[in-house]
Every structure is written in C-alpha cells, then in structure tokens.
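**Q** Working from the sequences, and respecting the hints, build out all of it.
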Amino acid sequence: MLTNPLTKNIGPQNHATDIVRYQDNGGYRGWRKALDMAPEDIVKLVQDGGLRGRGGAGFNTGLKWSFVPRGKNSPPVKYLVCNADEMEPGTFKDRLLMERDPHLLIEGMAISAYAIEARTAYIFIRGEYHVAAARLEQAIAEAREQGLLGSNILGSDYSLDIYLHRSAGNYICGEETALLNALEGRRAVPRAKPPFPQVSGLWGKPTVVNNVETFCNIPHLIEMGPDWYRSLGRGDDAGSKLFGVSGKVRNPGTWELPMGTPVREIIEHHAGGMQDGLQLKGFLPGGGSTDFLGPEHLDLPMDYDVIGRAGSRLGTGTIIVLDDHTCPVGLVLNLSQFFARESCGWCTPCRDGLPWIVKILQRIENGEGLPEDLDLLREQAQRMGPGNTFCALAPGAAEPLQSALKLFEQDFIDHIRKGCCPYQ
Amino acid sequence: MSSIFEPEVIDVMEHSKSGQGNITASLSAAEQEEIDREFSHYEDKGSVGLEALRIVQKHRGWISDESLRAVSAYLDIPVAQLESVATYFQLIFRQPVGKEVIFLCKSASCWIMGCNRLQEKIQDKLQIKPGETTSDGLFTLLETPCLGDCDKAPVMMIGEEMHRNLTESDIDEIIDNKKKGHADQSAD
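So the protein lines, in turn, are chains H and C.
Take the first sequence: its position 130, counting from 1, is numbered 130 in this note's numbering, and each next residue is one higher.
Take the second sequence: its position 12, counting from 1, is numbered 12 in this note's numbering, and each next residue is one higher.
Just the calculated beta-carbon pair ranges, DEER-fashion:
1. H:Q275 x C:A73: 54 to 62 Å
2. C:D44 x H:G419: 55 to 63 Å
3. C:R37 x H:G308: 44 to 52 Å
4. H:G294 x C:R117: 24 to 32 Å
5. H:G155 x C:K180: 52 to 60 Å
Okay, the calculated bits of chain C under chain H, using three or more residues with CB under 8 Å as the criterion:
6. 43 to 56
7. 98 to 111
8. 146 to 152
To be clear, the hints were calculated from the coordinates, so they are not data collected in a lab.
From the three backbone atoms N, C-alpha and C, an ideal C-beta is built for every residue, glycine too.
**A** Take a look at the structure:
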C-alpha cells in the first residue's frame, strides 16, 4: 500500500519530475477522477479525509472550502491561491515539493479549484525561490500542452488557468490576507477579519488560500479515498506529512512520515540524534513561531492536538533543535530580531512591542540585564498575545519567548546574575 | 549628505546600466513587453505594480526615482501608491546595489549553525556592513529571512545561486571566485 504519496516521485537526483514520468507513475489520475465528480462531493471527501492545513494553522481543509458560497446565486468569479511564501524560520518543506515534484502541486491545485468552482488560480511564491519558480513555470506549460489546464480541460466544460506570482520578500506575505493584498499589488498588510477570504478575498471575490503541502495531499486523497488517507496517520490525525529537523543533529533533513510519528523517532532515528558531545535542551516543534518544548516531550506524537495540549503548536512540522551548548537567550533574541524586522508595522503591539523585546533581550544577552526584565518580558509577551493584534505575527513571536522564559528561566537568571552570557 | 550620494556609489549606478544605454524617463520596449504579458493574469492594471517593478529592476539593477515614475505612468497608478509597494518589499532595491547581492540567512537554524561567524568573515573581507555596497560596486551584503534550506545551514544566496553548509573558508573561496570572474570579464 502506498504510504508516501507526497514524495513517491522524489529521488536522490535534484531534478523535477517531468510530466511524462509523473503520469507514468499514476499522476493526474486524481484530476481525471475529480472531473467526473460533483464539486461539492470533492469538498465532502476532503473534509471526511481529515486533511488539516499544512501551513501551520491546522484547520480542516475541506471545512475551509465549505465556507465558499456556491450555486447559481453565488458570485460567478472565485479564486484559488497557493501560499508558497515559505519563510517561517526553520521551515524547508515546500521548497522540496515545488522543486522536485511540481506537477503534484499543480494537480492538487486543479482539483481544489474545481471543488470551489474557481477558474483562476495563483501560486504566490517567495521571490528567493528561483529554482522552484522556474520548474513550476515549466510544469504549468507542460500541463497546458497536455490539456490538463486551460480551456475545456480533458473535454469537460471546466476551464482553469494557473498563474505564478513571484513575490519580493517579507515574511508577513505568508499571512493569507496580507498575501491577498500583495497579489492585488498593494502593501502586504493584513486585513481585518471578518469578512474571511472564503467570502470576500482577492479583489473582493470568494477566495481560498492553502499551503503548498496541503494541495500536494489532495491528488491521492481523491484517487484513493478518505479511508485510505486516514489510515496513513499513526495517531489522531490523518495522512502523512513532511517532517524536518535542523540544528546540531547528525543528519538534518526532511522526511515524509505518518502524522503522529513521535518526536523522538524523528530526531533520534531519522535525524540521527544529537551531534557528539551535545544534549538536547529543547526544541521548537514547528518552526520559529511555536513554543519551545523540552526533553520530557520527546515521546509525544506529532499530531496537531497533542502538541497543542503540551503547550505548543505543530506549526509547519519542521523541528528546530536547541542543544545544551547553544544559548537559549541568544536563540530567542535571534527569533525576536527576525519578527521585529518582519513586522509590517500595521498595529501597535507588534510594531512597537517587538523592538522593545529585542532591546531587553539584547541587554540580557550582553550581561546588562536587570532582575525586573523577566517580568517585563512576560508582560510584553502577553500584550502581543492572541486577540490584541490584526494577525498572528506578534502572537507567533510571543510563543518562543514566553515558553523560553518558563523552560529556560535559569539561563535568563544566570545571564543577569553573572553579568555575561555563560555560553560564550 | 547621505552616503548614497558619495562618488563611489555613483560609480555603481554607472555599472548598473550595463550597456542598456541611458534609460531614464520611459520604459524600454523589452520592459513594456514583459509587463504587458502580466496584465492578462490580473483583474486590473494596478495589481501588476510589484511585477512591473521586478521586471524593471531586472533590466536596470535597481529602481531609481525615474524608473518609479516611468512605471507609475505606464500602469497609470499614483507614484505614492507604487512607492508604498516599492519601499515595502525587501527584494525591490530603491538604492543602487552591487553586481553581486549577497543574501545571508540570519534565521534560527542558520544562527545555531554559526551564521554570525560567516557574517563577520564577509564583513571583514569586503569591509561592508549589511545594507552596504563595496566601493568597487561588486558586492552588496543583505540579511534575509529564512532561505528555506535549514538542513544545510548555514546558507546564503548570491544573486540567484544558493551556497549551503558554509564554512568560513568557503566564504573566501566563493568571494574570491566571484571577484576573479568579474576581473576576467572586464579584461575581455
């Protein structure tokens, strides 16, 4: 039975699977099957499959699609957008999918666009992904030549165009409403919600935005069905996922594994464990904007709700490992500098709060911290929390900070007491 | 006067014209053609703003005030609106940059794997800080958000080319090769 639908076409050589090899290996079967189905049945099937958004939020994909108005009285123009703005610190999974198997993404997008009755779709790719962009352009052209995209696809009355939009930097473009503003040629600041994009998105039309990896799950889910898809997971969540590990491990990398694979198995087996002489001090389970977890959490399965209950988020599923020779204050400072620089400046807690956090953390790291700084940081992390800002950037920035203050409190205190960074 | 008006940087502007002739007020035929191709992808002309800036920057190296005005006139969108986009996006350069733009990844995984040492090495070797260009107009150093190659950290991108699993001696080799390549080019 197929257990690696996301990476089955990805071999050791760094080239893209072309349309011939892709189709020889069963590609576009899901798309052909979908075109014989009613769009609403596809939405239902994806919902039943239990696929949750792989961009970080983990929302049920079919449920997200079900909010798009359909039928005769719904707006005639709808859009589908692929969020390929992968920029979360420590995240390197969408690059692999786009560079090595671009047709999988295109097939997934075609099925998804058909399901929400959109006839135009965009891939919003970050400007730095040159290889991925070139390979996607090539794959889109190949799919058009074969009649898999364009007008009256495979003899049906359905038509779809997919365009590649190359962005030009800025982490905030990964936030879906900021992304829509960027696509419209505006500054990429987030929009107030509601209305949600499914109702009023790109140019005010119903729009669905999903992550690259989410779309890549669709073709096989449609072809093989929701029961098969659910059975791929080892725990509560359905499907497989690209998990990654970076940091001072022996064999950093990305692997497609069942949802629910325990953290320990990913870090110790797949990533080969810690480098010689180093111990694991903590880890960020799903990129830079998730809460730190500690060694006591290594046996947790990588499932959305389990990691959530442990006080963090599965996020993008790419783990950043912190070892016992790397300064946790320095790492949080690095993350905070990133979020401060990437803040779009739209709302106050983020625009003004983050630079203050950087200033205080820098002071502590330099050995000039004050005992009251820790309370100040805790308060500030709370002020940037959910509900106080337009989007999730500041709450995301607060996550590694607030958890580091709990998990590594002694390290912060040592910096202040000793008047220097003990790791240097 | 700010540093961008100093003589060595005006040099860079000369470099960046790279045989395109003296393009100032209007867009070239090639630029117009590429921008026109984008129109059909969007609901309205204004949406093409960022794409148009990217296209013009590809031809001219950076977006000068004149280029900005030319794009604004061509797309019929206010200069201020276009400027708000141009100044927002990190990869749109509103100042001249060197022939080689070094994007050094400073994100968490690269930081753990020692990107600060690489940064010091680059700064020492080229005598520039992030945001600056060398006096010969060859190199600009920029810090960048995560480049998405974290299992091969530390990484940097020069132009469109990724360099992975970097050590300090790699930096020497890469930069020396680039210098040599440009020296050979100008000798031809």
